[in-house]
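Novice: Take these sequences, add in the hints, and give me the full structure.
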Amino acid sequence: MPQDSAPVPGVERPVITAIDVVRAIVLVLAIASLALWGLATWPLPWNIVLGIGTPVVVLLVWALFLSPRPVLRVHPFLRAAVELLIYVGVTIAWWSMDQALIGTAFGLVAIAAGVISGRRALS
Numbered sequence: 009m010p011q012d013s014a015p016v017p018g019v020e021r022p023v024i025t026a027i028d029v030v031r032a033i034v035l036v037l038a039i040a041s042l043a044l045w046g047l048a049t050w051p052l053p054w055n056i057v058l059g060i061g062t063p064v065v066v067l068l069v070w071a072l073f074l075s076p077r078p079v080l081r082v083h084p085f086l087r088a089a090v091e092l093l094i095y096v097g098v099t100i101a102w103w104s105m106d107q108a109l110i111g112t113a114f115g116l117v118a119i120a121a122g123v124i125s126g127r128r129a130l131s
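When the letters of the sequence shown are read in order and numbered with this note's numbering, they come out as residues 9 to 131.
Be a bit skeptical, because a hint or two may be false.
[Said to hold, decoys possible] Cβ-Cβ distance ranges computed for the label pairs, FRET-style:
hint, residue 1, residue 2, range
1, Ala26, Leu67, 17 to 27 Å
2, Ile124, Leu93, 12 to 22 Å
3, Gln107, Pro15, 30 to 40 Å
4, Leu47, Ser131, 35 to 45 Å
Hints listed in this document are in silico derivations from the structure and should not be mistaken for laboratory results.
The beta carbon of each residue, even a glycine, is placed where N, CA and C say it ideally should be.
Specialist: Spelled out as structure tokens, the structure:
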């Protein structure tokens, strides 16, 4: 069954680039990292609260400000600041689990992906 790649009038398909895939992977790793941090670092009643609550809060913030169709449209610099706060939080979470190398690597990849994507969006 051949794929018809002819454009359909009135339908705009987003162009997904490699940086979009990297940013999606970074988001999934951030959510998983925060769940791991909450479950592994805190004692019993708090580990369930933070292991579930922290990723949920980050997903809500992402949906409000950073998603492809955000609920609140804000200035691109405020959007970048919110994204940076999420990445810094995940990096600090890794550092608090005595995994400084993983935290630093995550921070570098996440910030590089955000800078490249932000520069592309501004141009």
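Novice: Enumerate the violated hints, using their earlier numbering and listing them in ascending order.
Specialist: 3
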